[in-house]
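Q: Using the hints, build the complex out of the two chains.
For the protein sequence lines, the chains are A and B, in the order given. Taken in order, the first sequence gives residues 6 to 201; the numbers are from the working numbering. Taken in order, the second sequence gives residues 2 to 279; the numbers are from the working numbering.
Source of the hints: derived by calculation from the structure; they are not laboratory data. One thing to keep in mind: the hints can contain errors.
[Unchecked claim] Per the computed footprint, the stretches of chain B lying under chain A, defined by three or more beta-carbons under 8 Å from a beta-carbon of chain A, are:
| id | segment |
| --- | --- |
| 1 | 7-17 |
| 2 | 55-67 |
| 3 | 245-251 |
As the structure is a prediction and not an experimental result, all values here were calculated from the model. Cβ coordinates follow ideal geometry from the N, Cα and C atoms, glycine included.
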Amino acid sequence: MSFTSLFSIALGAILVENYILVQFLGICPFLGVSKKTDTAFGMSMAVIFVMAVASAVTWLVNNFLLERLGLQFMQTVAFILVIAALVQFVEMFLQKAMPALYQSLGIYLPLITTNCAVLGVALLNVQSGYNFIEAVINGTAAAVGFSLALMLFASIRERLEFAEYPKSFEGFPIALITAALLAISFMGFSGLEVFK
Amino acid sequence: MNSIISAVLVLGVLGAVFGLILAVASKVFEVEKNELLEPVMDALPGANCGGCGFAGCSTCAQAIIDGKAPPNACPVGGEASAEKIAALLGLEMNKNTRLSAFVNCSGGNNAVKKYQYLGLKDCHAAMKIAGGPTECAYGCIGLGSCVSACMFGALSIQNGVAKVDHEKCTGCLRCVEACPKQIIHPVPYYADVNVACSSHERGAVLRKICNIGCLGCKICERTCQHDAIHVVDNLAVIDYDKCIGCGECALKCPRHLISDANLDRTPHVSSVDKAANS
Chain A
6 MSFTSLFSIA LGAILVENYI LVQFLGICPF LGVSKKTDTA FGMSMAVIFV
56 MAVASAVTWL VNNFLLERLG LQFMQTVAFI LVIAALVQFV EMFLQKAMPA
106 LYQSLGIYLP LITTNCAVLG VALLNVQSGY NFIEAVINGT AAAVGFSLAL
156 MLFASIRERL EFAEYPKSFE GFPIALITAA LLAISFMGFS GLEVFK
Chain B
2 MNSIISAVLV LGVLGAVFGL ILAVASKVFE VEKNELLEPV MDALPGANCG
52 GCGFAGCSTC AQAIIDGKAP PNACPVGGEA SAEKIAALLG LEMNKNTRLS
102 AFVNCSGGNN AVKKYQYLGL KDCHAAMKIA GGPTECAYGC IGLGSCVSAC
152 MFGALSIQNG VAKVDHEKCT GCLRCVEACP KQIIHPVPYY ADVNVACSSH
202 ERGAVLRKIC NIGCLGCKIC ERTCQHDAIH VVDNLAVIDY DKCIGCGECA
252 LKCPRHLISD ANLDRTPHVS SVDKAANS
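Isolated chain B, as found in the complex (with noise of 0.2 Å):
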């Protein structure tokens, strides 16, 4: 007994002095703390999972209220995240610099193949063997390294070919990094047409490999009333400062590869402001 209540008294004094100590010190070597910090910290998901690039998320915290990261770091957050941020340190919010990933490939299943390929269920490995086993250099090879690289399961491959699902696509762009062939993009979240396809090769040699890839015809061209979309060295590339999301590309292309399946979605911010003004 007595010296279950000594043992108690010595932790309790030790405890006491410490802490004593420690009071003072914190007095001593008090560190000025933004007030911004607390409540942009409880914006972010605090999850500490290093998805921005950051250390965690104080660190993310901070770099955005010094200027160093935009209010949408946070790929995790995402757009309410984002918005509460901005909404804090009196931003504005500009929504087109949201990014999402796009596979600028529908080759797949539509595309001619050089060879069997039975090895391993990766890309990379795919690669070193006569650079895959798709006949067009600038096809999806469909092994999923790009599925494998996204953390928050928004890649499939359907058909053969990685898709990605826009709506859990939080734009880290992992998947970009992770294609061997170079193929995913970066693209506005609120583009509304995007080309999938990355073939620079002539019609005449892409008609013979895939069955669906742009043939550099220019019909998008001439069809695109705002100068949106350019046939630059065979393939259609799409100036997203320009494009309005009108989708009329995508229903000219005799390839049926300009996609727009996202005509439900919120439409393009600055295609809102340039109606107005027209």
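Chain A extracted, bound-state conformation (with noise of 0.2 Å):
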């Protein structure tokens, strides 16, 4: 485990599997919370931290728990077990810490706990067969890739406010194309290898 291949780990996450834009994890909030990107911020933080955290968790329960008890199978469940604390655990922090925050937020920080993403980097840091610090940089880069992709589109959203388009195509559809163009964008990192 060297330095370069950690490096090779994010750089993976945020660009090539990017868990947005290329894997298609985490859809809901990226549309839901993109109008905004101050909004689009809070909510990108919120996600790299609970991704993190659930990540040193999860291999921690999945390592010393499961493993050694044999019970793989229980994963899903005790992993979604970890990550619904967690956002529990967020969303308590930012009713006191920062209620702006916490309302312009809404419904989609409670959400966390359901977003793909955060379920599917603990899954896939234990199916790629991670030691701890490689899930960590996994969890917290894939983290850093999803708010790359939510603040990109939301930058792109606020511009669009004074785009003109037809009245029919205002609110989802052209945000649909929006995210279906970002998307083509991204492919280009497809293929890109560092230090292997």
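A: So this is what it looks like as structure tokens:
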């Protein structure tokens, strides 16, 4: 495990295997909280925190509890439990520390629980056989990739407010077209291999 | 068997540990909530429809408590929920603030058409062709853009004109925005008389294009004892602050376009006050 292999994992998770635009995980907040850049930023921070800590805790739970006891079939249930507890914690923290952000995130904050990107990263960590540090790096980088896609999309959507397009495209139709174009642009990263 | 027991144990212990952490966290990060929030939330319908313009019922309740929104902010809950909330907050419920929409046109089949429109059933589309099929520039097109905008089924097209069902209207005023001719206006819910015309054409011109529109003859103005109806730019306009809803103007109007269909409704609140004073 060298620095370069960690860097390769991180870059891969951010660009090549971008969770939203390449693997299509976590689409719900991608469309739901991308109207304004500041709420998108808040959501990104919450997801980065949840995904980083979830990667660490799920790795510990998987390696020290489930694998030792031969309970790998309980992975999904146990991971969901971990993620739900983490999201609850983040929600309480935000309500206390940043009520304005809590208000603007609204229903999408508890929905991080069911954000498949979070469960996805936990399961993919196990599947790829990462060690603890690799798992945490992969989780954080995947969340950074999620944030990158979300922030890009939110800034484009903010600009779209002033663009002229047919009225029937207002709202989700134009957002979906934008998302598709963004996903196509991320296809340019596919096949990018660093230090391998 | 063994794996079942260990699975139950592991998940149980994990759940208990996380539960404990969250219990501690909820004490540490406790947020003081306004004690009124819960009862106000209960008075609201709880559908989280966003009809009030807020993100959901809890946000709306908070805004009402903070005084940023009136007690009747919820168009769905209507009067019942507004009265409950007003009682909770100790506010006086001003009934005149409740709005409903009114279509200021009764042309439709009574109005002369410029051409026969066969396109999309949408007023905005019809407007694109020479300003709509009605000869009268202020007339209702009758293709029902307002009907599809209404979330409460309060609008319908009758005799070629949109009509608001007063009882179903919640005063959300989506139809007001949807009308390309801008002839739907918010009026006080307790307004008893309304002028069903928007035309500013002179009488001589209007007579040729509409059988029913306001001619600006000023008979209503002369009839009114309360200085509440005036002809401005060839159109009778009611001043709802002065109107007591006696309906005299509606009786005298030679075109019968001042509607007074709601005589049996609860009287105008200010009219009760005025009657007591005089």
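Q: Against this structure, judge whether each hint is valid.
A: Status of each hint after checking the structure:
no., hint, in the structure
1, 7-17, "holds (count 6)"
2, 55-67, "holds (count 3)"
3, 245-251, "violated (count 0)"
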